[in-house]
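Q: Chain residues, written in single-letter form:
Number of protein chains: 2
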Amino acid sequence: MSAQNLGQNASPLRLGIAGLGTVGTGTVKIIQKHAELLGLRAGRPITITAVSARDRMKNRDVDLSSYAWEDDARALALREDVDIFVELIGGEEGIAREAVLAALKSGKDVVTANKALLAIHGQELAGLAETNGRVLRFEAAVAGGIPVIKAMTESMAGNEIRRVMGVMNGTCNYILTRMESAGLPYETVFEEARQLGYLEADPTLDVGGIDASHKLAILAAIAFGTRPSFDAVEIEGIERVSIDDIRRAADMGYRIKLLGVAQMTGRGLEQRMSPCLVPADSPLGQLQGGTNMVVIEGDSVGQIVLRGAGAGEGPTASAVISDVVEIARGVRIPSFGQPAARLSVPQPARTAVPAAYYIRLQLTDKPGALAKVAAVLGDSGISIDRMRQYGHSGHEGIAPVLIVTHKTTPEAIDHAIEALPRTGVIAGEPVELRIEEV
Amino acid sequence: MSAQNLGQNASPLRLGIAGLGTVGTGTVKIIQKHAELLGLRAGRPITITAVSARDRMKNRDVDLSSYAWEDDARALALREDVDIFVELIGGEEGIAREAVLAALKSGKDVVTANKALLAIHGQELAGLAETNGRVLRFEAAVAGGIPVIKAMTESMAGNEIRRVMGVMNGTCNYILTRMESAGLPYETVFEEARQLGYLEADPTLDVGGIDASHKLAILAAIAFGTRPSFDAVEIEGIERVSIDDIRRAADMGYRIKLLGVAQMTGRGLEQRMSPCLVPADSPLGQLQGGTNMVVIEGDSVGQIVLRGAGAGEGPTASAVISDVVEIARGVRIPSFGQPAARLSVPQPARTAVPAAYYIRLQLTDKPGALAKVAAVLGDSGISIDRMRQYGHSGHEGIAPVLIVTHKTTPEAIDHAIEALPRTGVIAGEPVELRIEEV
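Sequence lines, in order, name chains A and B.
Residue 1 is where the first sequence starts when you use UniProt numbering, and the numbers rise one by one after that.
Residue 1 is where the second sequence starts when you use UniProt numbering, and the numbers rise one by one after that.
Mixed in with the good hints there might be a few duds.
If several chains are the same, the list does not tell them apart, and a pair holds so long as it fits within one copy or across any two.
Below 20 Å or equal to it, Euclidean Cα-Cα: the simulated EDC-like pairs (lysine to aspartate or glutamate) are [stated by the list, open to error]:
{"no.": "1", "residue 1": "K33", "residue 2": "D299"}
{"no.": "2", "residue 1": "K29", "residue 2": "E160"}
{"no.": "3", "residue 1": "K29", "residue 2": "E297"}
{"no.": "4", "residue 1": "K33", "residue 2": "E160"}
{"no.": "5", "residue 1": "K366", "residue 2": "E429"}
{"no.": "6", "residue 1": "K29", "residue 2": "D299"}
{"no.": "7", "residue 1": "K105", "residue 2": "E93"}
{"no.": "8", "residue 1": "K372", "residue 2": "E429"}
{"no.": "9", "residue 1": "K33", "residue 2": "E297"}
{"no.": "10", "residue 1": "K407", "residue 2": "E98"}
{"no.": "11", "residue 1": "K58", "residue 2": "D72"}
{"no.": "12", "residue 1": "K29", "residue 2": "D231"}
{"no.": "13", "residue 1": "K105", "residue 2": "D244"}
{"no.": "14", "residue 1": "K29", "residue 2": "D63"}
{"no.": "15", "residue 1": "K33", "residue 2": "D55"}
{"no.": "16", "residue 1": "K105", "residue 2": "E124"}
Simulated from the structure, these hints should not be mistaken for lab results.
Here the structure is a predicted model, which is why all the values come from computation and not from measurement.
With the hints as constraints, model all of the structure from the sequences given.
A: In structure tokens form, the structure reads like this:
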């Protein structure tokens with residue numbers, strides 16, 4: 001059958017949608033609004049047969065009356081009139097996982113936005129899909145509407161990936177950019193974000209870097225052909241980022257971002273999620289507010305930067321629909337870009353590759369104080385690229401000192417940070433932040 | 001057969017590569033270097049059977065000894081041991097087109113990087129591919145390694161596209177950014193670019209905006225479901241961009257870019273390629289050197305920005321390989337995202353949507369001069385957002401004046417630009433440039 005005729009003759013592709021929160025209702029809305037366009041592009045009509053959610057009575061601002069209702073997502077997954085099970089419930093265990101397993105085992109294709117599920121059980125689920133001759137797709141799980149899964153599994157198929165990194169939690173980026181623009185401390189902006197409804201019910205998922213780390217683990221698996229290994233991500237959230245550091249970093253030409261970085265090194269797979277300094281005039285540095293950005297580096301293509309809305313009804317539903325249309329078109333690509341059984345168990349790198357670091361400390365007004373600091377850095381094998389001492393202030397005569405080091409190892413930095421307070425010329429704890437080369 | 005077994009059991013996919021310039025040799029190199037990785041990702045081995053180019057004797061820095069040689073690309077297209085015909089010759093007519101037609105008619109899939117061919121004959125070729133049950137893919141034709149064709153035909157399938165725009169000729173962007181950073185006039189930097197080998201043999205293709213307009217016509221077709229219609233692109237190159245305008249635009253917070261914009265309006269399809277002002281701190285404004293950027297706006301996903309190398313051996317070959325892997329995986333998507341027969345003939349918009357404009361003129365030192373200028377703008381229905389008059393200089397007392405208008409129509413601007421010299425207070429011709437909202 002030629003592609004021209006597909007649209008007229010083909011049977012509809014029938015969806016069962018489990019989970020009717022923001023993304024679920026957004027997905028229903030697109031299918032209702034763009035039915036004709038979707039049929040044209042997919043080559044066959046795309047319809048919804050049945051839906052499922054916790055509370056049937058909730059007002060959802062979308063007409064669900066023509067769809068069958070299931071109280072239990074697992075029952076939805078088993079319906080014979082469903083071709084694709086669309087899982088938009090969330091959560092790495094429980095009902096979401098059980099329903100996805102049931103759907104794959106009963107011969108359904110699965111589309112999900114569930115980053116936790118994929119980051120933790122991704123290899124098992126992808127393997128199950130392949131064993132059953134089904135597909136499992138999850139474009140919406142990483143960076144909302146940004147087509148990063150497709151870019152990595154398909155567009156960069158001819159590349160050995162060198163590094164993938166990104167700002168993948170809009171709430172954290174909102175908090176950091178708002179701190180800078182309004183000059184407000186972390187706690188104040190955190191409270192603002194909570195009141196605006198930007199935070200997850202458990203805010204640690206956002207500000208603790210968990211959510212972004214789920215996404216990083218998925219990207220790392222695709223990039224390096226390894227099993228998703230969320231447990232091996234070194235995670236630090238944004239809770240310790242101070243307005244002082246944001247201001248001082250800006251003085252030195254940097255911005256602080258919660259940056260996820262994955263790269264394969266000679267010592268294993270490095271997966272880090274932490275506040276890092278990036279040049280203020282780089283694409284990552286210029287990223288404001290809730291927007292997400294992913295940077296992928298391949299040996300042939302060089303650096304690709306993708307930028308867009310990382311969350312929200314429209315963008316995330318748009319990603320869900322792209323997976324649905326792909327399946328409707330008959331596209332069947334392994335979940336992680338290669339057979340699940342071939343994904344290797346990664347050896348986690350025990351330490352990050354060398355980098356420049358930013359160090360901020362409070363120097364007391366004593367003769368030879370700066371010399372002692374410099375000596376500690378020298379003893380730790382760290383050489384200084386730039387240093388700036390601000391004026392002494394307050395009755396105790398404390399002077400902020402900023403140091404940008406040349407490339408050095410995390411171990412050398414740890415050594416110096418531990419030794420600095422012992423000089424007796426430092427007030428409080430020194431702060432160190434990695435400067436990522438972007 | 002499950003995906004796990006595909007790699008071991010499947011027959012190799014055999015390529016015939018026509019054209020062994022930069023992109024062709026780059027494609028051969030990736031296939032040689034990443035044979036195992038490609039096999040794993042594609043689910044079957046990818047091999048080269050035969051190649052073709054004008055000059056067999058040329059030293060190409062790549063080992064071609066294990067491939068059959070054809071002097072004629074059309075003969076290569078007809079070989080029985082070729083599954084995909086990879087056309088990297090270029091040119092909208094002649095041998096490239098004939099060979100692609102021959103390949104499609106003889107049942108081969110086709111991958112090409114030929115933007116001119118697609119922009120002009122795209123609908124015919126896509127239709128022929130579909131009639132013959134073959135696919136025609138061309139990721140490499142637009143913006144090199146940036147996966148913009150895939151993003152539009154696949155990732156944004158759930159969106160009505162509102163606007164697509166971009167900086168898609170690296171040479172022009174190099175010239176414009178180099179003019180700004182070095183403070184050099186157009187002619188000097190043009191000559192530099194020529195000596196660096198950045199310009200096409202016919203430089204009008206680059207600086208005249210032709211090459212970028214081919215790309216825009218392809219993107220517009222995918223975005224709006226219309227036949228590619230290069231003839232309807234309103235094209236203006238960068239030849240008239242002066243260092244004065246670059247400096248003055250920077251004073252007002254803008255950068256000048258050769259920007260392609262396509263949008264569907266109530267009055268038809270607008271396709272424009274012209275030097276425009278964009279805010280200096282926008283992603284497009286910050287784009288330096290030879291890098292490309294495409295911005296796509298969809299009704300669900302919002303704004304997606306894709307950035308990367310728009311040309312060069314590695315990036316363009318990476319895009320060619322992504323199409324090859326896609327075909328190897330059995331993916332068969334209509335060339336323009338929907339059946340070629342359904343692509344409508346677009347009604348070209350006779351005029352662009354309203355925008356703010358930048359006007360620069362040389363005011364003579366006469367009483368009431370500025371009032372006369374303001375009166376002309378008012379009579380044309382143009383209101384002024386910002387104006388800046390610099391000091392009079394030279395023995396003739398000429399003062400540069402910059403005006404940023406509120407949104408107005410191109411007709412009103414044309415009217416004003418025609419009327420301004422008649423005031424008798426202007427030296428030389430006034431300059432106007434559109435300010436694109438990005």
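Q: Next, verify each hint and record whether it holds.
A: Hint check results:
no.: 1; hint: K33 x D299; verdict: between (41 Å within a copy, 11 Å between copies)
no.: 2; hint: K29 x E160; verdict: between (38 Å within a copy, 13 Å between copies)
no.: 3; hint: K29 x E297; verdict: between (35 Å within a copy, 18 Å between copies)
no.: 4; hint: K33 x E160; verdict: between (40 Å within a copy, 10 Å between copies)
no.: 5; hint: K366 x E429; verdict: within (17 Å within a copy, 66 Å between copies)
no.: 6; hint: K29 x D299; verdict: between (40 Å within a copy, 12 Å between copies)
no.: 7; hint: K105 x E93; verdict: within (17 Å within a copy, 52 Å between copies)
no.: 8; hint: K372 x E429; verdict: within (16 Å within a copy, 66 Å between copies)
no.: 9; hint: K33 x E297; verdict: between (37 Å within a copy, 17 Å between copies)
no.: 10; hint: K407 x E98; verdict: neither (47 Å within a copy, 55 Å between copies)
no.: 11; hint: K58 x D72; verdict: within (16 Å within a copy, 67 Å between copies)
no.: 12; hint: K29 x D231; verdict: neither (36 Å within a copy, 37 Å between copies)
no.: 13; hint: K105 x D244; verdict: neither (53 Å within a copy, 67 Å between copies)
no.: 14; hint: K29 x D63; verdict: within (9 Å within a copy, 54 Å between copies)
no.: 15; hint: K33 x D55; verdict: neither (24 Å within a copy, 55 Å between copies)
no.: 16; hint: K105 x E124; verdict: within (12 Å within a copy, 44 Å between copies)
The structure fails hints 10, 12, 13, 15 (numbered hints given earlier, in ascending order).
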